[in-house]
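Novice: Protein chains in written order, with this note's numbering: chain A, 1 to 116; chain B, 1 to 547.
Hints should not be assumed to be uniformly reliable.
[Stated by the list, open to error] Distance condition first, Cα-Cα at most 27 Å in a straight line; then the derived DSS-like pairs of lysine-lysine: (1) B/513 with B/418; (2) B/356 with B/469; (3) A/32 with B/406; (4) A/35 with B/4.
Worth flagging that the hints you see were computed from the coordinates, not collected in a lab.
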Amino acid sequence: MELTFFPAIVVALAILLLAAIISILIQYEGGKNPKDDNTRRLVFWVFAILNPVVYWLLAYFYLAPDPEESRRAYNRFIEAIPRDISIGVISYIIVGIIASKLLSTGKLGHWFPKKK
Amino acid sequence: MEEKLFVIAIGGTGMRCLESFVHLCAIGMFDNKEIEILTLDTDQANGNMGRTWNLINTYNQVKSENGRQNGGTPNTNTFFSSKLNIFKFYINYSNAQRNTYKNISKLGEGDERTNRHNQMISDLFLDKDTVQEFNLEHGYRAQTHLGSHLMYHGILEAASKIKNGDDLGKPEIDLKEFLTKLQSAGESARVFVFGSVFGGTGASSIPIIPVAFREAIGIIGNDNEKFDPKKIKFGSTLLTEYFSFNKPNQNQLSEKKNSIIADSSFFPINSQAALQFYQNDPTVQSVYNNMYHIGWPVESKSLLEEKDNNTITGGSTQKNNCHILELMCAAAAFEFFNTSNYEKTDKIEYLFRAIKYENGIFELTSPDFVGSEKGDLFLNKLGAFLSFAHIVLSKNEGGNGSLGTKGFITQLDKNNIKNYNTITDDETKQIDEYLKMFAYSFSSENLFNPGWIYQIRNSILPGNFLFNKDAFKDSLKELRNLDVGNLFLDNKHNWKSSIIKSRYDTFITKLTKEGKPELNQNVNSTKEKFLAHIHNGIMISQNFIKK
Numbered sequence: 001m002e003l004t005f006f007p008a009i010v011v012a013l014a015i016l017l018l019a020a021i022i023s024i025l026i027q028y029e030g031g032k033n034p035k036d037d038n039t040r041r042l043v044f045w046v047f048a049i050l051n052p053v054v055y056w057l058l059a060y061f062y063l064a065p066d067p068e069e070s071r072r073a074y075n076r077f078i079e080a081i082p083r084d085i086s087i088g089v090i091s092y093i094i095v096g097i098i099a100s101k102l103l104s105t106g107k108l109g110h111w112f113p114k115k116k
Numbered sequence: 001m002e003e004k005l006f007v008i009a010i011g012g013t014g015m016r017c018l019e020s021f022v023h024l025c026a027i028g029m030f031d032n033k034e035i036e037i038l039t040l041d042t043d044q045a046n047g048n049m050g051r052t053w054n055l056i057n058t059y060n061q062v063k064s065e066n067g068r069q070n071g072g073t074p075n076t077n078t079f080f081s082s083k084l085n086i087f088k089f090y091i092n093y094s095n096a097q098r099n100t101y102k103n104i105s106k107l108g109e110g111d112e113r114t115n116r117h118n119q120m121i122s123d124l125f126l127d128k129d130t131v132q133e134f135n136l137e138h139g140y141r142a143q144t145h146l147g148s149h150l151m152y153h154g155i156l157e158a159a160s161k162i163k164n165g166d167d168l169g170k171p172e173i174d175l176k177e178f179l180t181k182l183q184s185a186g187e188s189a190r191v192f193v194f195g196s197v198f199g200g201t202g203a204s205s206i207p208i209i210p211v212a213f214r215e216a217i218g219i220i221g222n223d224n225e226k227f228d229p230k231k232i233k234f235g236s237t238l239l240t241e242y243f244s245f246n247k248p249n250q251n252q253l254s255e256k257k258n259s260i261i262a263d264s265s266f267f268p269i270n271s272q273a274a275l276q277f278y279q280n281d282p283t284v285q286s287v288y289n290n291m292y293h294i295g296w297p298v299e300s301k302s303l304l305e306e307k308d309n310n311t312i313t314g315g316s317t318q319k320n321n322c323h324i325l326e327l328m329c330a331a332a333a334f335e336f337f338n339t340s341n342y343e344k345t346d347k348i349e350y351l352f353r354a355i356k357y358e359n360g361i362f363e364l365t366s367p368d369f370v371g372s373e374k375g376d377l378f379l380n381k382l383g384a385f386l387s388f389a390h391i392v393l394s395k396n397e398g399g400n401g402s403l404g405t406k407g408f409i410t411q412l413d414k415n416n417i418k419n420y421n422t423i424t425d426d427e428t429k430q431i432d433e434y435l436k437m438f439a440y441s442f443s444s445e446n447l448f449n450p451g452w453i454y455q456i457r458n459s460i461l462p463g464n465f466l467f468n469k470d471a472f473k474d475s476l477k478e479l480r481n482l483d484v485g486n487l488f489l490d491n492k493h494n495w496k497s498s499i500i501k502s503r504y505d506t507f508i509t510k511l512t513k514e515g516k517p518e519l520n521q522n523v524n525s526t527k528e529k530f531l532a533h534i535h536n537g538i539m540i541s542q543n544f545i546k547k
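Just chain A, same shape as in the assembly (with noise of 0.2 Å):
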C-alpha cells in the first residue's frame, strides 16, 4: 500500500485547526435561547463535509501525479482517492472527538458534548 493517504491526513487536520479557531471565534451567547454551542457543532460538522471535496479537489487538480509522464502511477493514484478520503474524514473525526474531550471545558467541548 501506497502512503498516499498522508496528505489526507495533513488536509484533514488543516480543516480541523481551521474549524477550531472558528469556533473558538464564535463568542459564548448567554439569555434565553443561546445558539453558540450549537454553530460550534455546526461548524465542526460543516467542515467534516468540506474535508473530503476538499481533498478530492486537491487530489485531482495538484497532486496525482502527471498521467503523461506515468499513466499506471496516475491510475494508481486516482483509485486511492476514495480509500484516503477516508482516513481523512476518519482522522478528522476522531481527531476532534480527542480534542474536544480534552478540552471538554472549553469551546472545542462542544463539539462532543457529554451527554447529561
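Once you have looked at the hints, place chain B on chain A.
Specialist: What follows is chain B alone, placed relative to chain A:
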C-alpha cells in the same frame, strides 16, 4: 475573645442603611461573620422596613440549602459570606387604645387630682392639641422628645410582657431572643446602631437604646449586671439631613391624626439641635464608643416619588430610594466592626471623612468609603458582585424575567461543569431575585426599575460612583449587549480580551480552569460552591491581587 456582632436598625432611614449593610454582606465584606440584626420601628407597615425584611429574607434563602430556612453558614472569601439572623421588634400603635400619646398614657382616666397632675406634666413637655394627639402609627414624626419617651416605654413594656409570659407576639419573642444573645455576648459584643438624628424614630431611639436594653434585660429576669452598656462597644451613625419631601398641606394638617407631620424644611435645625445634644449628653457620652458623623454638604434632593401633593408620613407607600449616604453609614459599620484593639473609654469619639467635591460634582473613590487600606478590597468585591449581577440579569436576561442564573448554570453544563445541575429552579430564582434588588429589574411592561446600586449611583449624579457609566445602562437593548467585564474606571481591572476572545470568553475560560472553590472558603452546599466558583472566576479576571 471572639467578638459578636450586633446591628440595630431604627426607623425608615435606619432600614435603608441596613439595606446597604446587607448588600455589603452580600458582596462579601463581612467574611465569616455571624451577625445578629434587630429592626426596630413603630410603623409595622413601613415600605422601607418591608423592603429591608424582604431583602434579608431573600439573602437567607440564597444561603439556605433547598427546602431549609436556616440561613446557611458563614463562609470565607465568597459572595453572601456572612450569616444574618434577623429579629423584628416593633411597637404596635395600630390599636385605637394605643394610637396616640394621650391614649397610651391614659390621660383623662383615674381620679381628678391624678388626672390633673398627669395632664400638667404632659402639657409641660408636649403640645396638648398636636403632639399628644397625633396618630403614632407612622412613627414619631420628628417629635424626638416624645419619641424617646415612648420608645423607652415600648421596650420596657415589651420586657414586662416577656417576664409575665402573657400572650407574647412575634415582636416580643424576637426582642427576647435578641436581648438574650446580646446579654450572653457580654463584653465581647460590638453593637452598631443605624438611624438618623434629624427625623423621628431613629433620632428618638439612638440615645436611649443602650440604657433601655439594660433595663429590659433586668426586667426579663436575666442577670443584667452582665449587661453593662458602658462596658460594651457601641457605635452609631450621626446621620444629619440629606433628603427632603413635600411640605405638608393644610388639608392634611387639618385632620386630627395628622396634626403633626414632619416638615423637611426643619431637618437642618433638627440636625443642629441633635448634634448639640449628642455632644453634651452624659449618657450618650458614656455608652457610645464611636459616632460616625455623616452629612450631605449640598442641597438635599427630594427622594420621594409623591403622586399627589400630600406628604407621605409612613406606611407601605414609604419606599424611598437609596442614597449614597446610607452606603456611607454601612461603611461606617464596616469600619467599626473591623477596627481591632478598641479600648472602651469614657470619651466618645466622633469620626468623619471628607470627600472631594468640585464644580458641583462628587468624585468618589473606594477609599472614601472604607479608608485607603481597604479601598481596593471594597472596589474589588463590589465590582465582582456588580459583574455577577450583570452576568445573570443582562447577559442571561434574568432582569426581565428570563433564565438568569439558570441560564448561566446551563452554560456551565455545556462547558462540562455539571456540578451545579442539582440547583433547583426555585433556588436559581432566589439568586435572581436578590440580584434584581441589588441592581435592576424590568416590570412586565418592560419598565426599568433601578435596584439598590443604581439608586445609590443616581443619588450622586452627575458625579462619579466607582464604575464607568456603561455599568449603569438602563435600556433592555443596551443591557443585552453590555460588556459585563468592562465596568471599572481603571482599565487594568477590566477583564482581559484579545483578537480572538471577548472579555466574557476570557472570564468563562478562567472560571472553568482556575475558579474552582477551595477548602478554605468553607463552602458546603452546592449553591454555596456555585457562588464561590463564580466569585473566584470574577476575582481572578479582575486582577486586583495575584492568586
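Novice: Decide, hint by hint, whether the structure agrees.
Specialist: Hints, one by one, checked against the model:
Note on residue 513 of chain B and residue 418 of chain B: the hinted pairing holds, with a Cα-Cα distance of about 14 Å set against a maximum of 27 Å. Among the hinted pairs, residue 356 of chain B with residue 469 of chain B is consistent with the structure: their alpha-carbon atoms are about 19 Å apart, no more than 27 Å. Distance hint between residue 32 of chain A and residue 406 of chain B is fulfilled; the C-alpha atoms sit about 10 Å from each other, no more than 27 Å. Restraint check for residue 35 of chain A and residue 4 of chain B: not satisfied, since their Cα atoms lie roughly 50 Å apart, outside the 27 Å limit.
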